[in-house]
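Enquirer: Letter by letter, the chains look like this.
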Amino acid sequence: MSETAMTRREWLLTDRPQSRLQARLGRAYVAWRRFTANRLAVVGLLIILGMVFLAIFAPLLAPHSPYVGDLAKSRLMTPGPAHWLGTDDQGRDILSRLIYGSRLTLQVVLLVAVIAAPIGLLVGTVAGYAGGWVDAVLMRITDIFLAFPKLVLALAFVAALGPGIGNAIIAIAITSWPPYARIARAETLTVRNSDYILAVQLMGASPWRIVLRHIMPLCISSLIVRVTLDMAGIILTAAGLGFLGLGAQPPLPEWGAMIASGRRFILDQWWVAAAPGFAILVVSLGFNLLGDGLRDALDPRGSGQ
Amino acid sequence: MTPALAIDGLGVAFDDFVALEDVSLSVAPGGSFGLVGESGSGKSTLLRAVAGLAPASAGTIAVDGKVLGSKRDKAFYRKVQMVFQDPYGSLHPRQTVDRLLLEPLAIHGFDDAEDRIVRALDEVGLGSGFRFRYSHQLSGGQRQRVAIARALILEPSILLLDEPTSALDASVQAEVLNLLEQLRAARNLTFVMVSHDLAVITHMCDRLMVMQNGRTVEQLTAADLAAREVTQDYTRGLLAASEGFRRDV
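Protein chains in written order, with UniProt numbering: chain A, 1 to 305; chain B, 1 to 249.
Hint data in this document are derived by calculation from the structure and do not stem from the laboratory.
To give an idea of the interface, some chain B residues facing chain A are shown, with a C-beta separation under 7 Å as derived from the structure:
1) Met82
2) Leu91
3) His92
4) Thr96
5) Pro104
6) Ile107
7) Gly129
8) Phe132
9) Gln137
Listing some non-contacts, in silico: residues in chain A with all C-beta distances to chain B over 12 Å:
10) Gln90
11) Val137
12) Trp270
For every residue, glycine included, the Cβ atom is placed at its ideal position computed from N, Cα and C.
Start from the sequences and build out the full structure, keeping to the hints where you can.
Expert: Encoded structure:
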């Protein structure tokens with residue numbers, strides 16, 4: 001048993017990989033080892049994986065319906081065996097709402113990352129590589145977006161587009177790409193005049209090919225790290241929009257909206273607002289820990305060797 | 001016979017700084033031309049201007065009798081390739097040797113990539129064991145071999161060498177120079193080689209040009225240099241310097 005494990009390890013760490021796949025797996029394995037060496041990062045990863053698990057199996061795990069409560073008998077009940085985290089003012093089970101709410105949170109986080117990160121990456125690398133007026137135009141647009149506070153700009157967009165979780169996602173994505181563009185541009189500027197990029201130019205590669213295939217891969221790791229660290233901010237922005245009534249609309253169990261509705265009886269029935277607040281805290285923490293670990297594992301300056 | 005590379009009155013200026021002024025030279029097919037001079041003499045700029053990496057502000061560059069425009073086309077890159085000075089900076093840090101060699105083939109639409117990569121690695125004396133390594137898993141000499149393989153995989157007729165061995169230690173230098181000599185003989189390549197090392201240039205090149213401050217000092221044959229038949233004081237100074245420190249009384 002241990003012998004096969006050793007040989008698999010050796011196969012991954014060999015100096016002379018025999019195939020493209022082996023070389024790639026070996027590199028991934030080195031990064032994975034560096035990641036797992038950081039205990040806190042693994043805790044972060046487990047938190048996020050736990051949340052994904054909850055989101056996928058929400059219908060099986062939630063003890064009650066997240067939308068229907070018994071207004072007559074179970075309004076604002078204290079946490080107890082029937083309702084582990086108590087019930088809210090509509091008599092709905094808070095634990096079930098939290099579990100279903102993880103779906104919304106994940107959806108927001110993933111969609112924002114999928115929309116914002118590629119936009120930022122593309123704008124930044126193109127601006128950095130092209131230089132000249134292309135750079136000037138793209139970066140001034142970025143500056144304009146950066147000049148507004150994120151939440152205020154998102155509020156303006158949601159106000160224009162109308163409230164709702166979809167529009168909240170679009171608004172957050174529109175406001176969160178500029179930092180990614182800045183990072184990608186900075187990374188591009190450091191590599192654009194290096195010999196290995198000039199060498200590709202000398203092979204007759206088109207500028208698009210150079211940007212997409214040679215510069216972007218170098219920017220991606222620092223971008224992933226930054227996006228992961230921003231996840232917490234995205235969750236908070238989404239929760240903030242929900243709290244202001246501009247994100248998810250009732251009866252959706254969005255965590256920010258849950259806090260907003262619990263605010264009215266925060267002194268007497270504190271658990272109504274505390275439970276979703278705690279959930280936001282834990283998930284934000286998870287993403288931050290994960291981001292820190294990824295930074296150590298993927299940092300291009302550290303992973304050269 | 002049309003020269004493989006003919007440069008006439010070439011000038012390169014960066015804003016107000018004149019890096020190269022009125023330089024002319026011609027290299028016959030299969031010839032080997034050396035460029036010598038101190039740092040900042042414009043020898044690397046000359047190579048970069050030929051490759052299209054530095055903008056020419058005056059004069060013409062012609063490859064096989066065809067004058068080049070300011071934009072190079074794909075056919076040019078099939079014909080002219082370059083090996084950079086620093087093998088630690090000229091290989092992409094996130095790509096395997098395989099990927100590095102595949103890229104030029106993909107750009108130019110070769111379909112027998114597999115064979116060519118294996119052959120190119122064999123030619124520069126790296127077995128297929130090196131094919132899937134990343135550049136950080138290679139030594140300096142091995143990296144420079146990969147860079148040479150990458151430059152030759154498109155089968156160019158002219159190879160521009162920008163101090164290809166100055167970043168390597170002495171024993172590896174000799175290996176790489178011998179490899180270049182072999183490849184030149186085997187493929188009838190035309191070399192234009194920059195070096196500040198007169199010994200390397202006399203060993204590798206049949207003709208050479210001495211440069212200073214972006215201008216030509218003189219053109220010589222390797223035989224002239226070996227026989228010390230030089231006309232300019234600057235060249236004499238270079239020769240004396242290359243012989244090392246002498247304690248004159």
